[in-house]
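**Q** Here are the chains, one letter per residue:
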Amino acid sequence: MDIINNLLMGFHVALLPYNLLIAMVGLVLGIIIGVLPGLGGANGCAILIPFTFVMPPNAAIILLACVYWGALYGGAITSILFNIPGEPWAVAVTFDGYPMAKNGMPGKALTASFLAHFIGAVFGTILLTFFAPILAEFALKFGPPETFSVMVLTFSAFVGLGGKSPIKTLIATAFGFIMAAVGIDIVSGQLRLTFGTVPLMGGFNFIVAVIGLFGLGEIFLTVEEGLRMDGFAAKLRWKDIKEVLQAMRKYTKTLVMGSIIGVWMGFKPGGATPASFMAYGFEKASSKEKEEFGKGHIAGIFAPEAAAHGAGTSAMIPMITLGIPGSPTAAVILGGLMIWGLTPGPMLFKEKPDFVWGLIASTWVGNFAGVLIILAFAPFFAAVLRAPFAILMPIIVFVCAIGAYAVNNRMIDIWYMILFGIVGYAFKKLDYTMAPMLLALVLGDMAETAMRQSLIMSQGSPLIFFRPPIALALMIVALIIFFWPAISWVKGKLSAKKKT
Amino acid sequence: MRKADIICALILLGIGILIMADSIRLGCGWAMNGPRPGFHPFIMSLIVIIGCLIVIAQAIARKGVAGSKKLFIPKGAIKPVLRVVIPAIGMVILTEYIGLYVAAMIYIGVYMKWIGRYRWRLVILLSLIVPLSTYILFDKLFLVPMPRGILGTMVGF
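Line by line, the protein sequences are chains A and B. In terms of our numbering, the numbers along the first sequence are unbroken and rise by one, the last being 1306. In terms of our numbering, the numbers along the second sequence are unbroken and rise by one, the last being 253.
FYI, nobody ran anything at the bench for these hints, they're computed from the structure. Hints may be right or wrong, so weigh each one.
[Said to hold, decoys possible] Each computed BS3-like pair below joins lysine-lysine, with the alpha-carbon atoms no more than 27 angstroms apart:
#, chain 1, residue 1, chain 2, residue 2
1, A, Lys908, A, Lys1056
2, A, Lys1094, A, Lys1048
3, A, Lys970, A, Lys1297
4, A, Lys1090, A, Lys1059
5, A, Lys1156, A, Lys908
6, A, Lys1048, A, Lys1059
7, B, Lys236, A, Lys970
8, A, Lys908, A, Lys1048
9, A, Lys1158, A, Lys908
10, B, Lys209, A, Lys1234
11, A, Lys1041, A, Lys1094
12, B, Lys99, A, Lys1235
13, A, Lys1090, A, Lys947
14, B, Lys175, A, Lys1234
15, A, Lys1299, B, Lys159
16, B, Lys159, B, Lys171
17, B, Lys236, A, Lys1234
18, A, Lys1041, A, Lys1234
19, A, Lys1056, A, Lys1096
20, A, Lys1234, B, Lys99
21, B, Lys159, A, Lys1303
22, A, Lys1096, A, Lys1048
23, A, Lys1235, B, Lys209
24, B, Lys236, A, Lys1235
25, A, Lys1096, A, Lys1303
26, B, Lys159, A, Lys1235
27, A, Lys970, B, Lys209
28, A, Lys1101, A, Lys1041
29, B, Lys99, A, Lys1090
30, A, Lys1101, A, Lys1303
These numbers come from a predicted model, not from an experiment.
Make the full structure from the sequences, and use the hints.
**A** Rendered as structure tokens:
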């Protein structure tokens, strides 16, 4: 009953008029950010961090979280109406969402997507409410070896599950760790990797990296692809909602399956994109109307969208309990936590229950209000995309520069932002995955401290990571996932040999 | 794409070697009280170096495979990309001298007029309103000062 009491306390925080207003502002901003090309949840939150300096932490996290939910909802609009996925996990919905809009039913496609998002959100939030406190309690017992094995598991998940090239993912991750190491060594106090220069002494701030990699890099890509903003007009009628609700009854299994795949995959880092594809593939494989997929089948919208939002929501669970974000946006929110002076990790549940439960309650409120807002105002949000690019682009770059500067009040950060923008552009084109690089930059210090402390404990023997039972289990799973691409490659070779 | 892949990997390889050199300078072995500061960067740079070598080898082996001739930036796309990159860099250079707000005014104005070809009235209106409203919001309400540049500190606004 503890959970119920805590949740009630959380609602008490989330439903304060000021916090409720902040939540609504966050949702509307988030939807706009999700719709705009070149802006997504991660850099949208990063740009807004300077605004949170003047807010109490409870309101600040509600703002950022609601921007995240809004961006998740809003990303679907561009995928369906314009065939331009705003986020990587919105790719799968273009397969059936865009054809359905093309068939003259854009309203129905949008409604289906929003309601599927909502179902995914409910599943994710239930897990967040009931599972996160248990996990946090469990994580309180973690020492340095366990913490380090969780990190290893996190990054092997990226190498094994996401990205086209596992080797490039590995390189990008290592680079993230190297960037995190630049500056003063937290253990010995020595200057590292600064090569005698002053600007490097301050190290790299990951919020600047987010704004550059995900903001500017994305804008450069959008420009290169050339903006063809010829989509369909969005009009939502009562008939659409009624039809979709009927379809939802018919495809309940699809929605539940999609949501479960979503929350399960989203729990592991980098899981949202594979989750949406997996849910789509699973639905298509198990459906009796296979040939309808790709032509605007409603189940082809339900499955990936429920999975994407479920994954997005459950990505908050490791963030709030272990201090390990499950998605780039969650990483930015984690960075916000550090800036507001809070220490992420299992202790947060004990030390700041109003903060944690306020966030959980606002996840309920935000996702519920989000679906109502977007259903009511979808045409207005879609109209944002028609705003001329020559006006939007310089304003976005300007706001990005403000965000990058405000983090540390350093001019050099604006230069880093530009540099990261160019790097992000090149990396995206050459298939280096940026999410693990970013996560390594955020978690670098924590991972390195955990590793060094463990090695001090064991006097240099790496076997310490395999001795405590929890660490051993995590490490075994991590190794299997890490070598998964190699394992499946060998398996493919073997089965090919058998056939010949 | 293949060439760009190799060039990018070579650059990363170079940085990796630099990092490794510095971590060896810091010491990457075992000290009296635990691993030396260079231990962790050393391992990471090792991963980068080995990874880059594999990427380069793979790219070389891909020679002649369909799609390997695809250009890094499609023909005709280089111009619009540069049109975004160069003004953005220009804004940052200007910020060093005249501060972010004035630089943004010029940047937004120039971009709208040059690329967007809007009417002067709209150009001037927007390039004044956007920086001014952010100035009031950040410098006055939030008390988060933005860079003023050399000129700004001299005038003292």
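**Q** Evaluate each hint against the coordinates.
**A** Against the structure, the hints come out as follows:
Our distance criterion of 27 angstroms between C-alpha atoms is met by Lys908/A and Lys1056/A, whose separation comes to about 23 angstroms. At most 27 angstroms may separate the alpha-carbon atoms for a hinted pair to count; Lys1094/A and Lys1048/A meet this at roughly 24 angstroms. The hinted pair formed by Lys970/A and Lys1297/A meets the criterion: a straight-line CA distance of about 18 angstroms does not exceed 27 angstroms. Distance check on the hinted pair: Lys1090/A and Lys1059/A sit about 13 angstroms apart at the alpha-carbon level, within 27 angstroms; holds.
The suggested pairing of Lys1156/A with Lys908/A is violated, with an alpha-carbon distance near 52 angstroms, which exceeds 27 angstroms. Taking the CA atoms of Lys1048/A and Lys1059/A, the gap is near 19 angstroms; set against the 27 angstroms cutoff, the hint holds. Simply put, Lys236/B and Lys970/A have alpha-carbon atoms about 47 angstroms apart, too far for the 27 angstroms limit, and the pair is violated. At most 27 angstroms may separate the alpha-carbon atoms for a hinted pair to count; Lys908/A and Lys1048/A meet this at roughly 20 angstroms.
Only pairs whose Cα atoms come within 27 angstroms are accepted, and Lys1158/A paired with Lys908/A is rejected, the gap being roughly 49 angstroms. Between Lys209/B and Lys1234/A, the direct Cα distance comes to roughly 30 angstroms. Violation of the 27 angstroms bound is thereby established for this hinted pair. Proximity of Lys1041/A to Lys1094/A is assessed by CA-CA distance (about 31 angstroms); at most 27 angstroms being required, the pair is judged violated. For the proposed pair Lys99/B and Lys1235/A, the alpha carbon gap of about 13 angstroms is at most 27 angstroms, so the pair holds.
Restraint check: the Cα-Cα separation between Lys1090/A and Lys947/A comes to about 43 angstroms, which exceeds 27 angstroms; the hinted pair is violated. Of the supplied pair hints, the one linking Lys175/B and Lys1234/A holds, its CA atoms being roughly 19 angstroms apart against a limit of 27 angstroms. For the given pair, Lys1299/A sits about 23 angstroms from Lys159/B by alpha-carbon distance, which is consistent with the 27 angstroms threshold. For the given pair, Lys159/B sits about 21 angstroms from Lys171/B by alpha-carbon distance, which is consistent with the 27 angstroms threshold.
For the given pair, Lys236/B sits about 38 angstroms from Lys1234/A by alpha-carbon distance, which is inconsistent with the 27 angstroms threshold. Taken as a hint, the Lys1041/A and Lys1234/A pair is broken in the structure, with Cα atoms around 34 angstroms apart against an allowance of 27 angstroms. Restraint check for Lys1056/A and Lys1096/A: the C-alpha separation of about 16 angstroms stays at or below 27 angstroms, so the hint holds. Taking the CA atoms of Lys1234/A and Lys99/B, the gap is near 16 angstroms; set against the 27 angstroms cutoff, the hint holds.
Restraint check for Lys159/B and Lys1303/A: the C-alpha separation of about 26 angstroms stays at or below 27 angstroms, so the hint holds. The hinted pair formed by Lys1096/A and Lys1048/A meets the criterion: a straight-line CA distance of about 25 angstroms does not exceed 27 angstroms. Our distance criterion of 27 angstroms between C-alpha atoms is broken by Lys1235/A and Lys209/B, whose separation comes to about 30 angstroms. Among the hinted pairs, Lys236/B with Lys1235/A is inconsistent with the structure: their alpha-carbon atoms are about 41 angstroms apart, more than 27 angstroms.
About 30 angstroms separates the Cα atoms of Lys1096/A and Lys1303/A, which puts this hinted pair outside 27 angstroms; it is violated. With a CA separation close to 19 angstroms, the supplied pair Lys159/B and Lys1235/A stays within the 27 angstroms bound. Using a Cα cut-off of 27 angstroms, the hinted pair Lys970/A and Lys209/B is violated, with the two alpha carbons roughly 41 angstroms apart. Taking the CA atoms of Lys1101/A and Lys1041/A, the gap is about 21 angstroms. The hint holds against a cut of 27 angstroms.
This hinted pair does not check out: Lys99/B and Lys1090/A have alpha carbons roughly 38 angstroms apart, beyond 27 angstroms. A hinted pair counts as satisfied when its Cα atoms are at most 27 angstroms apart, and Lys1101/A with Lys1303/A does not qualify at roughly 37 angstroms.
Violated hints for the displayed structure, listed by number in ascending order: 5, 7, 9, 10, 11, 13, 17, 18, 23, 24, 25, 27, 29, 30.
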